[in-house]
Each structure stands twice: as C-alpha cells, then as structure tokens.
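One letter stands for each residue in the lines below.
There are 2 protein chains.
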Amino acid sequence: MYRTKTCGQLRISDVGQQVILAGWVQRTRKMGGMTFVDLRDRYGITQLVFNEESDKALCDEANKLGREFVIQVEGAVNERYNKNPKMPTGDIEIIVSRLTVLNASLTPPFTIEENSDGGDELRMKYRYLDLRRSNVRANLELRHKFCLAVRHFLDSKGFLEIETPVLVGSTPEGARDFIVPSRMNPGQFYALPQSPQTLKQLLMVAGMDRYFQIVKCFRDEDLRADRQPEFTQIDCEMSFVEQDDIICTFEEMTKYLFKEVRGYDLGDEPFLRMPWIEAMTRFGSDKPDMRFGMEFVELMDVLKGTGEFAVFNDAAYIGGICAKGCAVYTRKQIDELTNFVKSPQIGAKGLVYARVAEDGSVKSSVDKFYTPEVLSNLAKKMQAEAGDLILIISGDDAMRARKQLCELRLLMGERLGLRDKNKFALLWVVDFPMFEWSDEEQRLMAMHHPFTAPKPCDVPKLDSDPASVLADAYDMVCNGVEVGGGSIRIHDAVLQAKIFEVLGFTPEKAQEQFGFLMNAFKYGAPPHGGLAYGLDRFVSLFAGLDSIRDCIAFPKNNSGRDVMLDAPSAVDQAQLDELQLALAPKA
Amino acid sequence: MYRTKTCGQLRISDVGQQVILAGWVQRTRKMGGMTFVDLRDRYGITQLVFNEESDKALCDEANKLGREFVIQVEGAVNERYNKNPKMPTGDIEIIVSRLTVLNASLTPPFTIEENSDGGDELRMKYRYLDLRRSNVRANLELRHKFCLAVRHFLDSKGFLEIETPVLVGSTPEGARDFIVPSRMNPGQFYALPQSPQTLKQLLMVAGMDRYFQIVKCFRDEDLRADRQPEFTQIDCEMSFVEQDDIICTFEEMTKYLFKEVRGYDLGDEPFLRMPWIEAMTRFGSDKPDMRFGMEFVELMDVLKGTGEFAVFNDAAYIGGICAKGCAVYTRKQIDELTNFVKSPQIGAKGLVYARVAEDGSVKSSVDKFYTPEVLSNLAKKMQAEAGDLILIISGDDAMRARKQLCELRLLMGERLGLRDKNKFALLWVVDFPMFEWSDEEQRLMAMHHPFTAPKPCDVPKLDSDPASVLADAYDMVCNGVEVGGGSIRIHDAVLQAKIFEVLGFTPEKAQEQFGFLMNAFKYGAPPHGGLAYGLDRFVSLFAGLDSIRDCIAFPKNNSGRDVMLDAPSAVDQAQLDELQLALAPKA
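Quick note, the sequences are listed as chains Y and P, same order.
Going by this note's numbering, the first sequence opens with residue 1, and the numbers climb by one from there.
Going by this note's numbering, the second sequence opens with residue 1, and the numbers climb by one from there.
Simulated from the structure, these hints should not be mistaken for lab results.
Any given hint could be a false lead.
The list cannot tell twin chains apart, which means a pair is met if one copy fits it or any two copies do.
[To be verified] Straight-line C-alpha distance at most 20 Å; calculated DMTMM-like pairs for lysine to aspartate or glutamate: (1) Lys-455 x Asp-492; (2) Lys-522 x Asp-566; (3) Lys-216 x Glu-230; (4) Lys-522 x Glu-512; (5) Lys-145 x Asp-155.
Next comes chain Y alone, as it looks inside the complex:
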C-alpha cells in the first residue's frame, strides 16, 4: 500500500495517528536543525517535518529532495506550532520516521505554482507539468463536475445518451471536414463529424424521443484565437416538440447547472427572449452581453441632414452609445478609442464623440457642423447626463456599422468594469433569418444549417422572397458568448428538398449528399428539434477563463499542433502504400 491518507485529508482530530502519505515535493525549507517539506497531491498539501536532532540521517535524506520528487513518507500526525489558517491541513504536520524516494525529478522548466513563470509554448510542451498547477487542475475538476451534472439532469428528464459514430461520411455544407482514408475501401474516405446533426435526427426518426450526447466534434478550419480543431458538444434532440418546449427544458438545465456546479442562482424568472433583429438593433450583435446596458441609440433623425457633416448626411446608419462618467476622458484616451474602431479587425471609418460638461453644455468633435440645439437634442436623445461621453459611429452599411459599434460598446463595458466574470446574464436570441447571402459563393447560405425549419408562417415566402424568411432557430447567449444554439428541424421530405433547392443544390446533388436523411423522412419522421452547447466554452465561462484551452487537458495550438506529442507528423511510406495514397506537395 502506497498511502493510508491523501495530502488533503488530515485535520487536528487526526493528531497522534500514524500515517503513510505519498506525493510530490512542492518545496523544502531548512530552518535551524529542522527541514520542512510541503508534500502535494491532487487533494492538497501537507507539511512534513524532519528533525536533525532526532534522526540526522533521515534529515540529510530530506535535504537532498528536489522540487517535484515523488516520495512516500511514514510518520505521526502532530499539531503544528505555527498554524496556517489558509490551508485545510494547516493545523497539522507529519513528524516523518521513514522516507522513500519513489521517483526523482529533473528541475521542472517552470514553477508549479498558480502563477507560473512558464510561457504558453513551454507550458503546452510540458503540459503534464502545467496540469500539476492547482488552478489548471481545478478547471478539469470543474469540467468533470459539469458533465456529471448535465448527465444527471438530462437522464432525469428521460434523455438517453446514445453514441454516434466518429467515422462518418463527408458532407459538403458547413466547414471543412477532416477526412480519414479507408484501407479496406481504397480511394474512399470517412469524415470526422462536424456535429452529429444528421445522426441525431435519424435517432428521432428511430423513435428515441429524447437524445443527448457529450461528444467530440471536428472542424478543419484555420484556427482563430480560441478555436480548436476538435471540440466537445453537449448535443441534444427531442421529438414532438415546439420551440417553447426546448427552450423551457434547457433553460431549466442551465439554471440547474449554474446552481449545482457554480453555486450561482439565476432566479426564477424565465430568460429574456430577444428577436435577432432586436439584438442587432439594440446591441449590434446576435450574442449581446447583457451584463450592462449602454444600448445603441439610433441618431439618424438627430444627426442626418441637420448639419453640414457630410459623413453623417451620406450615412445609412448613425448610432451612439453613452459612456457614463467618461466625459473626463483625455484626448489621448479618445484617440485610443478612435484607433481601436479604425483598426483592420473592426474597420470603422472614424469615431465621433461628444462630451456633456458639468453645466450641461455639449462639446463634440463635430461642433463646427452642428448648432448647439442639434447637439443638445443629441444629448437628450442619448439620455446623456453631465459628465457622460457620447460615442458615435456611422456607415453606409447599417449592419456593418452596428457590429463596429458593438465592439466599441464591449470595450467601454470592459473599461468601466461592467463585465464582471462573476456575474452572469443569460438570454435567448430567437427568430434568426433562415439564410444569409454569401458574396463569396454568390448564393444564399443557411445561417444555421440546412436542416433548420423555417417559421411555418414564412414557408410561402421560400419562393417569393427567401431572404426574408425567418427560421425556427434559437441561440442561448451568456455574457456575450453564444454557449448553445439549435432549431426546430424540418421533418418533411418535400420541405427539405425545397430548402436544398433554395440553397442551390440540384435534386441529384441533394439526393447524393443527403439522400439517407430525406429517405428516412419518408418513413414516419416525427416533428423534432434540438440544440447543442459548446462544452469547452460553457465550462470556460463557469471557470472565468479567457481561453477555452485551459479547460482542455491536451489542447492544440493555433497551427493545430499538439506540441507535447509532436502531432501531426510524417508517416511511413508503407502506411501510405497500404492506403493507396501518395503525397502531392504543391509545387
């Protein structure tokens, strides 16, 4: 037996017990004739004591221990003279009578402390050391608890967790697939699923009624910050439901999770449900951060044509936000904001501001174009008070301008401390458009995916005005992050074929790619719908992480590499030969 107790277990009531512990040397300190060793395992830290006077040889051994050595000790639990109230085991120490080194350790390349001196690259290469840091470990513990709670809740609601295959067929819609050559079927490839979307729909056709799965999904995309080529979804689907049934079920789950896993009470009120167009108008985003207000005020009536400022007079959209108490912003601070909105990733042409002075007068960067009355109207419309700063963005393309203003709002929220990581604001965004125009593809694309049902009342418009058709789709948003989303699905083969037609598929292509689903719909498909949560993102929110990486045990970097395993890598020619494949490097 390697241990009788863990390093997080012993208390004052255990004093006098003989125990065996095992773990890692966190640190050693020599004080006079005493050597103190902090012994660490997953459960905590316990102080070991070696006394030169009582056993010099043993103490000498202890003095040779290096950081991260794995040791086993036997000894008696003793009450500490200097108690440490910050540690659960801070009342006791172990007077060691036997010490065994189970494994030595090289000096780790960075410190195994909450605040490590290791950079990202180094931490990822030695991820097995990084994971020893208690804060990183806590994220994985949280993820474990979170998943258990999800399963507990969904099981209690009659959902069955059903595994769907990882080796599936390639689908052309959506992101790029990872593909897997088949040795037994040379020249053919499996694809890794971007989501089990069609499979879960088939499970509904199969009468499974309520399905879920916590499941790995795969997308071969160029990795923006905080995307991983493999990620985990909480994937759910229900039969004989309407949008309201799904929203109610998963709202209840969300409240349960926040309470059980995060200790956070979301209250009894239902979440807000906001139509997509309203979210875009009020916040310039389909995932508004509702922890704070600073809502958009449209200023077309106040500023367009009311002065000589050509930019506004030509604009398709003029909108502002009011930053409380920011009239004190210096020229330099405002320049920073201007540079931010003009940066390539935001892309605004410029930023107009107006300060409301203590006397109520308004000083603006476009003073010379407007009468004091117009500026006063502006302040009034913005409900700006003395000391406030009004920030205005305009543009030719209303949606684009709103998205720019959204970024500015989020930045100001951050600066004003309105985006508290320990506060959570949830809402449903509903009534999304079915389609969005793709300049690249020169056709309508599905905004969610091609299996999303249109609002029943909009079905007739599929022929006359498809761009105006709304979808029976919904996203769950928390703190400006889309944590989940889904829709009522099409369960009718004829309507499904119609949608493929609108998306520009020929009947033959639709049959080739999605025949298995459309055929299944002919054998008694029930009405159904569902949603999927991004587990990594949901857990990150709970943990207050800036990146999803730290709630993933072995994440990949931005080039899709696992730097610890050094994967991907070259394979033997023999392996390629068996697969009847050849490398074809671009010239």
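Starting from the structure of chain Y, add chain P where the hints point.
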C-alpha cells in the same frame, strides 16, 4: 404542445381524463364498426378506438392510416372491456375525438416487431427503422444506464473523467492506426487513438491521481466477426497503487454494475484470481468460461507410451474433458465433433473419444491400441462415471492443443446447456507473460503493451531470459469473454528504455516514438496502473447479445462500411488538393 402524455403512461386511474398523445401507428384492426389503432412511442403502446357510429368521418380517416404513420390524437381515457394484462397500459384505451396525421410513412421494408423479418443487410441500411424495434431500443437504453452507473461509481471513488484528444500522433506498436491528413501541416498526419494509453499515463504524471473516460477508440484491422473499427472503452488509471488496489476497486465497480444495472447479485466473495498458466492448463484459455467445469485432465501419464497408438506416443500434450451423460452420443454426433475440431479455424488433427457404459466398461475409438486396464485408468483419471463421454485431443504443441480442446469444451458446454446467458461467472486472470514470440516479426512482442511493468522479482531476468518474465497484468473475464484488462505501468524512464530494447527498438527509434512519455517520466512520475473495459462487449453481456452490433446505434459492417450513410465514399479532387494528397491505386 404535441402531447400531454406518452404512450406508456396511462393507467386505470387516469380513466375519464382528456389527453393528447403522439406516436407511430403500430397496427390497425377493424372489428365491426370499430377501428382499433395501436399507437407506439419509446415509452409504450396505447390502444386507440374509433367508432363508426359516433363519428364516421373520423373513423374513415383512421382506416386510412398505414403502418408507421406519425399521428397525434386527442381523446378521453376509457376503461377497456377486454383488458390486456401483458401491457402496462392494457387496462385502458383512448376514445379518439381528434386525429391529425403529422407525417405519412411508406411501407417499411421489414416489420417493426421484436422478431423482424428483415435480414442483417436490410436492417442496417434502414437502421433508423430497425432501432424502432423495442428489443433493439432496449439495448441502447441499457447502455445509457450502464454508462451512468459507471460514472456514478467512479465519481464516488474520486475519479475524474478527463477527455483526451482524438487527433493524436501515430504509434507503431499495436494494431494499425487510422490516420488523418493535416491540411495545415501538409504531408503530416494525425492518428486516431487505439486507446488513450499514453495520454492517461501522462495524466498520472500530471498528478490527476484517478482518471477515467468513456471514450471512442479506433483500430484499422481486418474485421473479424464482432469487431468494429471504432469501439468504446471505459478507460481508467490510478496513481500510487499496486495490482491489488486496482483489482479491489474494479471488482467493487463490477459488483455495483451487476446489481444496479442488471439486478444480478455477484455475492460478497472476491472474484477468483487465476494465474495465466493455470488458466491455460485447466481450460486452455486466458479467458476461461467458469460457468461450468469440464476441466482439462492431462493424460500424458495414462496414455503416452502405455499402448501402440503412435499419435499419443509422439504427442507433447494429451488432454481430455468429460462430458457428463454424453455416452449416448451417436456416431453421427461424434463425427460432428470430430469435424468441428478438424475445421481450419480449430486445426486439430483428430478427436479420440471413450464412452463409459452403464456397467462401467469403457469403449473407445482407440480400443485396439490399449488394454482394458489403461482404458479403466483413463476413466478413473477423468473421474468419468457410467454414461459419460470422454473427449481427447493431443498435439505436438501443448499450447496449441490446449486451445483446440478449449474450443471443444466450449461447444460441449453450449450443447449441454451449461452456458446460461442469465448466469455470470467472473474471475481475474493474472501473472501473464510479459512477452510472446512473434514468428512473423521474428522478435518478442509485448503481450499487453510496452508500458506494462514486469513483476518486480522478474526484472533481473529481462537480460538473461526475457521470455520467462511475468507481467504485473490482469484481465477481468466474464463468461469466457475478456471484458477488461490492464496492468501496473512502468514509471521509471530507465526500465521503460530497457523494455523497448527487449522489444527490439533502437534507443533512437524509442525516443522518436515514445520520447514524450520517457521524458515525462523524468519529471516525477508516480507509480501507477489501470485498466480498460470494452464497453460494447460488457453491455452485450448484460443484454445477452450474440453480437456487439446490437448495442451500437450505428454499427459498421465487416468491410468497415456504414451502409446507411454509405460511408466511406470518394471525396472531391479539390479536397485532396487542399490536403496535398493523391490517390495511388495499386496496379
């Protein structure tokens, strides 16, 4: 709202209630002026009644319903005149007042009944219809419950479920990897994990202490019966443990699962632990079916050199089993057994038998070579009684002959009804050899995998006599099926390097392939070990299935194809170009 109740819910106490149900038409019957419809959903079947007299139009609609139509009905719960005690809802029926067809159905290609008329091929192509059969659905429900119970148990023991990546590096040891070309790293490939073995060991190095994961694994093997290219493991690992700690933990889990999920009490006694060599000697198998005896009796002393039968006199092994009460077997029945052991997949040269007559005399197929005393000794040694049949196999290669006799034992157990699917016999097989010789590779191969620790006392023999070294490995066997297996792992970089050397790796090759693990061992790796269960197989045992396929929602066939999705399939040239790959069909 599509329904107020499910089809499995209503009882006599609900009579008089107005309800809405939705589901599939299982069957319709017309009797006089009444039409009866059995409405099915996941939860059960409820009888609907339509009365021509009270509403002719509605009854006409009901008469048009076909099998597997999806309908919604509203009506009153009524006490049935002819109650059906076999159905939970058999006391009631619904007097329907409103009928809506939610979706029509083509006539399904096979019957949706427990005993379907669909062949395997057809059932797999229309798996979404096959899954509607209540017995197939029950397997998925069982699997769901089983996994929940596993998670509940392991969580209660402090195990953390931690997801490991699916896109990893290729490893040369073990079976063939599926590989995944990386677009962002052209010419390089990920591999899909055959198991998270090295990753879970790194989690132990990371101090996670107790890890588990219910996880998909992948092997690109030629598919024998009952193998799938992707399968699911319950993968577990613990730190600071010896073999006994692991066996005790998972024995407790197994008893818990049998009780909670299968309602089967395995009792308080610990499972038998049988050394590998004993299992081979007594049962000719490293996974003996212990539901019945019929143990091997070695007959070298009785039959070798005691008569003129050259086959036995030249044999390296002679062994027999005693089939109780089978002396009545006809010549034809015995010929069947002979043909069975001589079939190519068994490969025995022949079968010798001896009948013990009612008077105790022994009649054997090798009578002419032996004296009655020898045959009497044979019967005595076999502990054969009047009416028993002795079956004997011999061979040049003792292990091969034992395996042949094992197959015969299993067949006889089957014939004698000794392999009851509702009885479970569990044991641990321990003390496996570390290595086995591969004729194909002309070198020693790891019997488990190269990370398995040798028995500490055998370490010195790694140089002098590696073939005799025993491993600290263990398999859990149930009813002749290996449901799980594992080992104490090596946690010392030097010993690990030594094992790679014995396996014929150069130090450079070992570093190239497993450097990440051996390096990790240098930073304070704790002693650790674990095991993995085959989930598909474990659930199949619980469900009494002959094939693992029926506890998998969407299994693949023997060519690794998903016939429903028609995967794998060809991909666009553009996709290959992006991956910088070309097809290279064998000439």
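Report the numbers of all earlier hints that the structure fails to satisfy, in ascending order.
-> none
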